[in-house]
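Start counting the sequence shown at 1; every next residue gets the next number (my numbering).
Derived by calculation from the structure, the hints in this document are not laboratory data.
Treat the hints with care, since some could be wrong.
Stated by the list, open to error - Result set (BS3-like, lysine-lysine): computed pairs, CA atoms no more than 30 Å apart in a straight line:
no.: 1; residue 1: K57; residue 2: K23
no.: 2; residue 1: K57; residue 2: K19
no.: 3; residue 1: K23; residue 2: K45
no.: 4; residue 1: K45; residue 2: K24
no.: 5; residue 1: K45; residue 2: K19
no.: 6; residue 1: K51; residue 2: K24
no.: 7; residue 1: K45; residue 2: K57
no.: 8; residue 1: K45; residue 2: K25
Unchecked claim - Restraint ranges, calculated between C-beta atoms of paired labels, are given here:
no.: 9; residue 1: E5; residue 2: V58; range: 51 to 57 Å
no.: 10; residue 1: R70; residue 2: Q9; range: 26 to 32 Å
no.: 11; residue 1: R29; residue 2: H69; range: 25 to 31 Å
no.: 12; residue 1: K24; residue 2: E64; range: 22 to 28 Å
no.: 13; residue 1: R30; residue 2: E60; range: 18 to 24 Å
no.: 14; residue 1: D73; residue 2: E28; range: 36 to 42 Å
Since we're looking at a predicted model, the values are computed, not measured.
Idealized CB from N, CA, C, for every residue including glycine.
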Amino acid sequence: MARIEEKAQSMLNRFIILKAEEKKKPRERRPYLASECCRLAEVDKWRQQIKREIGRKVTEIQNEGLREHRLRDLND
Numbered sequence: 001m002a003r004i005e006e007k008a009q010s011m012l013n014r015f016i017i018l019k020a021e022e023k024k025k026p027r028e029r030r031p032y033l034a035s036e037c038c039r040l041a042e043v044d045k046w047r048q049q050i051k052r053e054i055g056r057k058v059t060e061i062q063n064e065g066l067r068e069h070r071l072r073d074l075n076d
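Please model the complete structure; the sequences and the hints are all you need to start from.
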């Protein structure tokens with residue numbers, strides 16, 4: 001009897017998680033071309049994201065303990 005209850009609880013949890021994911025706002029993708037943006041706030045948001053990514057990768061590249069294959073991946 002306990003197995004049936006566990007299975008029902010598991011299905012309920014999956015259903016609840018699925019419904020919560022449906023309510024979430026879809027993740028935005030960064031436009032490939034700058035001309036695809038219409039608003040200045042949107043352009044600034046993507047610019048800040050690019051700057052953070054570049055800064056993070058430069059910091060990783062400057063790490064002396066970084067292995068060569070990882071360094072090549074970051075440079076690409």
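Subject >> Hinted pair K57 and K23, Cα distance within 30 Å >> reply: Violated, at about 33 Å.
Subject >> Pairwise hint evaluation, K45 against K23, where the allowed Cα distance is 30 Å at most >> reply: 23 Å, holds
Subject >> Agreement of K45 and K19 with the hint, judged by alpha carbon distance not exceeding 30 Å >> reply: 29 Å, holds
**OP:** Could you check the hint for me, namely that D73 and E28 are 36 to 42 Å apart, CB to CB?
**Re:** With a Cβ separation near 26 Å, D73 and E28 fall outside 36 to 42 Å, so the hint is violated.
**OP:** Would you check the hint for K51 and K24, treating anything up to 30 Å between C-alpha atoms as holding?
**Re:** OK: K51 and K24 at ~26 Å, within 30 Å.
Original post:
Between K57 and K19, does the CA-CA distance stay at or below 30 Å?
Top reply: 36 Å, violated
Subject >> Satisfaction of the hinted span 26 to 32 Å by the C-beta atoms belonging to R70 and Q9 >> reply: With Cβ atoms ~43 Å apart, the hint is violated.
Original post:
In this structure, is the beta-carbon distance linking E5 and V58 contained in 51 to 57 Å?
Top reply: 54 Å, holds
Original post:
At the C-beta level, are K24 and E64 separated by a distance inside 22 to 28 Å?
Top reply: Once the Cβ atoms are compared, 40 Å apart, the range 22 to 28 Å for E64 and K24 is violated.
Original post:
So does R29 sit 25 to 31 Å from H69, Cβ to Cβ?
Top reply: Since the Cβ atoms of R29 and H69 sit about 28 Å apart, the hinted range of 25 to 31 Å holds.
Subject >> Restraint check for K45 with K57, where alpha carbons must lie at most 30 Å apart >> reply: 19 Å, holds
**OP:** Take the C-alpha atoms of K45 and K25, compute the straight-line distance between them, and say whether it is at most 30 Å.
**Re:** 17 Å, holds
Against the hints set out earlier in the document, violations occur for numbers 1, 2, 10, 12 and 14.
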